[in-house]
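Residue numbers (the numbering used here), protein chains in the order written: chain A, 256 to 811; chain B, 4 to 446.
In case anyone wonders, no lab produced these hints; they're calculated from the structure.
These numbers were taken from a predicted model, which means no experiment stands behind them.
Glycine residues also receive a C-beta, built at the ideal position from the N, C-alpha and C atoms.
Take the hints with a grain of salt, since some may be wrong.
[Stated by the list, open to error] No farther apart than 30 angstroms at their CA atoms in a straight line, the calculated lysine-lysine pairs in the DSSO-like style are these:
(1) A:344 x B:264
(2) A:660 x B:351
(3) B:337 x A:641
(4) A:660 x B:142
(5) A:727 x A:715
[Said to hold, decoys possible] Each pair of labels, with its calculated beta carbon distance range:
(6) B:19 x A:667: 21 to 27 angstroms
(7) B:420 x A:509: 33 to 39 angstroms
(8) B:444 x A:729: 57 to 63 angstroms
(9) A:747 x B:71: 42 to 48 angstroms
(10) A:729 x B:19: 27 to 33 angstroms
(11) B:444 x A:695: 40 to 46 angstroms
(12) B:23 x A:751: 24 to 30 angstroms
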Amino acid sequence: MASLIGIDVGGTFTDAVMITNGVIERKGKIPTNQDDILNTLISALDYLQISEAKNIEMITVSTTLVTNAILQKRLPEVKLILFPGTGMKLSSLPWPVDYSVLTGVLDYRGRVVVPADQSEWQTLAEKLNKQSIKPLTAIVSKFSHRNNVFEEQLAAYLHREAPGIITALGSQSGQANFYRRSLTTYLNLAATELFQNFAYQLKMAVEARGCRAPIRVLKADGGVLPLAKIRPVESIYSGPAASVLGTLAQSNPEESYVVVDIGGTTTDIGLVLSGSPLISTHGAQIGPFLTNVRSLAVRSVSIGGDSAVCLEQGEVMLADYRLGPAYCIGGISPTPTDALRYLNLTDYGDLQRAEEALGLLLPENQRTASALRRTAQIIVGKMVEKIARAIEQLLEEWKTEPAYKVWEVIHHHDDFKFYIQLSGGGAPGLEAALENRMRLRTVLTEFSEVSNAIGASMAKPTFSWTLHLDTKFSIYRIEETGEQGIWTGPKKPHREVEDFLKELAQKQAVGFGIETDDLEKEIFDYFPLVENYHTVGQIVKGAMHVPPGVIGRIRS
Amino acid sequence: MNKTGIIFFPAFDWSLGEFHPEREERLLYTQEQIFEEGIMDLPQVKQYSPGVADLFDVLRTQAIFPDLQQHNLDAHLIAVGSSLVLGNALMKKEITNGFALVRPPGHHSGATVWGNRGFCTLNNEAILINVLRAKYGIKKIAVIDTDVHHGDGTQDIFYHDPNVFYISIHQDGRTIFPGTGFTEEKGGPNAWGSVLNIPLLPGVGDEGFLYALENWIMPAVEAFKPDLIINSAGQDNHFTDPLASMNVTARGYGKITEMIKPDLAVLEGGYAIEGALPYINMAIFLALAGEDYSGVVESQKPQNTEIGGDTIRSFLTDLKRTNEAVRPSWAFRKEPFLPTGDWVYSEKSIYYDTDGFKENRREYIRKCRHCGGTVLMISQKPSAFQKAVLVRIPFEACPDCEQAGYDLAETFQKSEKTVLLQNQRRDQVHFWTDGREVNPFGG
Ligand SMILES: [Zn+2]
Ligand SMILES: [Zn+2]
Numbered sequence: 256m257a258s259l260i261g262i263d264v265g266g267t268f269t270d271a272v273m274i275t276n277g278v279i280e281r282k283g284k285i286p287t288n289q290d291d292i293l294n295t296l297i298s299a300l301d302y303l304q305i306s307e308a309k310n311i312e313m314i315t316v317s318t319t320l321v322t323n324a325i326l327q328k329r330l331p332e333v334k335l336i337l338f339p340g341t342g343m344k345l346s347s348l349p350w351p352v353d354y355s356v357l358t359g360v361l362d363y364r365g366r367v368v369v370p371a372d373q374s375e376w377q378t379l380a381e382k383l384n385k386q387s388i389k390p391l392t393a394i395v396s397k398f399s400h401r402n403n404v405f406e407e408q409l410a411a412y413l414h415r416e417a418p419g420i421i422t423a424l425g426s427q428s429g430q431a432n433f434y435r436r437s438l439t440t441y442l443n444l445a446a447t448e449l450f451q452n453f454a455y456q457l458k459m460a461v462e463a464r465g466c467r468a469p470i471r472v473l474k475a476d477g478g479v480l481p482l483a484k485i486r487p488v489e490s491i492y493s494g495p496a497a498s499v500l501g502t503l504a505q506s507n508p509e510e511s512y513v514v515v516d517i518g519g520t521t522t523d524i525g526l527v528l529s530g531s532p533l534i535s536t537h538g539a540q541i542g543p544f545l546t547n548v549r550s551l552a553v554r555s556v557s558i559g560g561d562s563a564v565c566l567e568q569g570e571v572m573l574a575d576y577r578l579g580p581a582y583c584i585g586g587i588s589p590t591p592t593d594a595l596r597y598l599n600l601t602d603y604g605d606l607q608r609a610e611e612a613l614g615l616l617l618p619e620n621q622r623t624a625s626a627l628r629r630t631a632q633i634i635v636g637k638m639v640e641k642i643a644r645a646i647e648q649l650l651e652e653w654k655t656e657p658a659y660k661v662w663e664v665i666h667h668h669d670d671f672k673f674y675i676q677l678s679g680g681g682a683p684g685l686e687a688a689l690e691n692r693m694r695l696r697t698v699l700t701e702f703s704e705v706s707n708a709i710g711a712s713m714a715k716p717t718f719s720w721t722l723h724l725d726t727k728f729s730i731y732r733i734e735e736t737g738e739q740g741i742w743t744g745p746k747k748p749h750r751e752v753e754d755f756l757k758e759l760a761q762k763q764a765v766g767f768g769i770e771t772d773d774l775e776k777e778i779f780d781y782f783p784l785v786e787n788y789h790t791v792g793q794i795v796k797g798a799m800h801v802p803p804g805v806i807g808r809i810r811s
Numbered sequence: 004m005n006k007t008g009i010i011f012f013p014a015f016d017w018s019l020g021e022f023h024p025e026r027e028e029r030l031l032y033t034q035e036q037i038f039e040e041g042i043m044d045l046p047q048v049k050q051y052s053p054g055v056a057d058l059f060d061v062l063r064t065q066a067i068f069p070d071l072q073q074h075n076l077d078a079h080l081i082a083v084g085s086s087l088v089l090g091n092a093l094m095k096k097e098i099t100n101g102f103a104l105v106r107p108p109g110h111h112s113g114a115t116v117w118g119n120r121g122f123c124t125l126n127n128e129a130i131l132i133n134v135l136r137a138k139y140g141i142k143k144i145a146v147i148d149t150d151v152h153h154g155d156g157t158q159d160i161f162y163h164d165p166n167v168f169y170i171s172i173h174q175d176g177r178t179i180f181p182g183t184g185f186t187e188e189k190g191g192p193n194a195w196g197s198v199l200n201i202p203l204l205p206g207v208g209d210e211g212f213l214y215a216l217e218n219w220i221m222p223a224v225e226a227f228k229p230d231l232i233i234n235s236a237g238q239d240n241h242f243t244d245p246l247a248s249m250n251v252t253a254r255g256y257g258k259i260t261e262m263i264k265p266d267l268a269v270l271e272g273g274y275a276i277e278g279a280l281p282y283i284n285m286a287i288f289l290a291l292a293g294e295d296y297s298g299v300v301e302s303q304k305p306q307n308t309e310i311g312g313d314t315i316r317s318f319l320t321d322l323k324r325t326n327e328a329v330r331p332s333w334a335f336r337k338e339p340f341l342p343t344g345d346w347v348y349s350e351k352s353i354y355y356d357t358d359g360f361k362e363n364r365r366e367y368i369r370k371c372r373h374c375g376g377t378v379l380m381i382s383q384k385p386s387a388f389q390k391a392v393l394v395r396i397p398f399e400a401c402p403d404c405e406q407a408g409y410d411l412a413e414t415f416q417k418s419e420k421t422v423l424l425q426n427q428r429r430d431q432v433h434f435w436t437d438g439r440e441v442n443p444f445g446g
């Protein structure tokens, strides 16, 4: 019997599940060691007792490795070389890293307006050669998503003149936004070695346990890719994606709901519209870096069952950090978990200790049952309020998404009947309070405590192919892969463009190990290019996606 | 640094036809440019999503004849609605200024609308202005129209309104569509001087434009003391524009914007899809956001020689003298249907170039020392044998003018098939068909 394994490395706990035919065979939580993600993962695997005989079909992990490395500034420096061309001044945007600038201008259709200056390249190569360790070098030009000529030529030149150099090009992720593309290329290159080492060791560890199953990594957009194919930076914020997918695997396929996943110190909130998780229109932001990493539209609130509760000028406050576990299970600080236990909303932890925890927040002579009760209610109320505001913000963000076509605006928000799907450690105790505050039906996800791992294990591979074709210049580009090539079809194509993209997608999908049975086509846009009352070509924009989703449902 | 709002609505699925200058491609390169530059990521910038305007907001300002159902308004209502989204954001102080980068444009669409003219069906700025007045009680608004074409529609809507100062700087109407916008057009009997037209010689370029702004337009605006400034930001003064020949550069537009300091800018025309729009829109946007726009450089260079220096200075001095010398001359009319008071009469013929027909209009304005005066427009579309009547009671109407408006509406609902009463004072709209009041918004 083939089994799926899902592991989600969270901030406090790492969830692990083994699922066979939609039935959870084993599940559990182990504490996360943030300083050693690899061993945390291996311990989680060991906890699931993968035996050699066991027929594991797939292992999927959602890891905080790259997220942590970026946020803790543990990545090596990258030399960022820009061709900013004309337009807005670079200094208008906050660059979190240093860069150097070269000559050369492209326009919005990728035409060379001012050629690059090779004498500058020579100086650059000389400088690089003088350094004892060849720096990682990211090269990004404005409009390189339309024409990568500067990037490719400079990279080729540097490889020749400064051998041993490692480069990454902005056009490899070909979405518009020079700023985000530059920072994404930077982060990706910076994280490559760290991620490759991790990938290698994880693979070895899995094999050492006699398991030959392919290992996949969850992405921020809720899709999975093979360990060897994923761009490291795409693995950031896969935790919230895991929550959303976990809920998806435990609910009816066509429903619309808000996902609320309450963790130890963070609560993740996502949105599912008629069974499809909502994708953010902007790329993910990590620390000071704005990226073009595609991600689900999620909000993370720094509040959870283990959040420390403290007194500030006599008022009970919820901290955005944790001082160990809840008091009622042996911790040192009162937490929301204690409040929930005291109010008998959960049966997790020791009631006596929960009462003690709340007492710590009151002067000794005021620790009456009613005061304790009121304090507990204040704590729960504050937590619910913080979560409710984040839900409202996310709904607002969804309602105010940009739209660029008439039909998008007219059909912008067909009515969705939302409810709340609640999961995570503190979830059971908050159900009623959240329902009251939001005036939305609130239900508990069944395998609430390991929902994220379920999400990871059942996530579908996703990919998008976004075509930009300029038949006047006979050039096509694929945003996601950065592929740029020659178009040999007609100047005014119709259907053949869709077939062209479909064929290309299917071919590339094989390399990524992705099934394309449910390839979804977006509406293609055709822009006539007119010169002197003659159509001289077209710009065609269109996309096909394997959308995020799950490969099945959990059976109870 | 300014907190700048932007709505980018390129209407990629709307056009007047494949060979029409106002086609889907128009904002395609602007999108490439602004997305690639990452201007939405500027910390002071907030992107808003497009809105859909209410038909009531439309009818408060424009009479859509013979009825709403005859027009396909979807795209137009979004262009208006998006301008309103920014207007509301401005009033709520979420932003200090904003740019509605939308199509279709609107400034050729006037007080009465039978179809599309100059690519416009609804007037984005005019509807916005009246929403700001009706909803937020804004009193005085200046419109500076920097499109190369005279904004005859906006002028038409506010011609009798002393509280809206309409200023248009454009290429001389003798050389370009719509053939209006002469310096003698200075406003109606109760709003004399609330229209300022500066028709320019072709080819004046940045220098002439900025000279006119500095020496004429901005002092006039300051004297008017508006509560709000709206820029009808047409981009067809650019040196690459195929329909005009004004020779302005993108950085020139940046400077113009910096000088005008509009609270809101709304995109109008501009048909140099490749050479001008992506650059000008960037420059305007950066100027609004208080950022350096000197790096915005077109890939082509201006080729025509500019008419600069003394030529333009003496031209503008003469023009200003002519403008100041113009005195009003009103034709008064007595008609049996006119209520008490003195009524100024005029006629105009409006050509709908997109659809190829003519509207004839007779206008009566109640001369009044207390308010903008009630306006009666009897409008005809001869090709369809259709006739319709608009009665407008202005914002802050005096009791006599308001009564005159009601009397007119009562008279005409008996004799005419289609009558629209705009009571701007009470923020009401009434519509009569065949003598029966109907709800113009219902299906
Ligand atoms: Zn124009
Ligand atoms: Zn009056």
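Status of the hints after comparison with the structure:
1. A:344 x B:264: holds (21 angstroms)
2. A:660 x B:351: violated (36 angstroms)
3. B:337 x A:641: Judged against 30 angstroms, a Cα distance of about 69 angstroms means the pair is violated.
4. A:660 x B:142: Violated. Residue 660 (chain A) to residue 142 (chain B) sits at ~34 angstroms, over the 30 angstroms cutoff.
5. A:727 x A:715: violated (38 angstroms)
6. B:19 x A:667: 21 to 27 angstroms: Given about 24 angstroms between the Cβ atoms, the range holds.
7. B:420 x A:509: 33 to 39 angstroms: violated (50 angstroms)
8. B:444 x A:729: 57 to 63 angstroms: violated (50 angstroms)
9. A:747 x B:71: 42 to 48 angstroms: Given a distance of about 36 angstroms, which is not inside 42 to 48 angstroms, the answer is violated.
10. A:729 x B:19: 27 to 33 angstroms: holds (28 angstroms)
11. B:444 x A:695: 40 to 46 angstroms: Given about 32 angstroms between the Cβ atoms, the range is violated.
12. B:23 x A:751: 24 to 30 angstroms: About 26 angstroms separates the Cβ atoms of residue 23 (chain B) and residue 751 (chain A), which means 24 to 30 angstroms holds.
In this structure, the earlier hints numbered 2, 3, 4, 5, 7, 8, 9 and 11 are contradicted, and the remaining ones agree with it.
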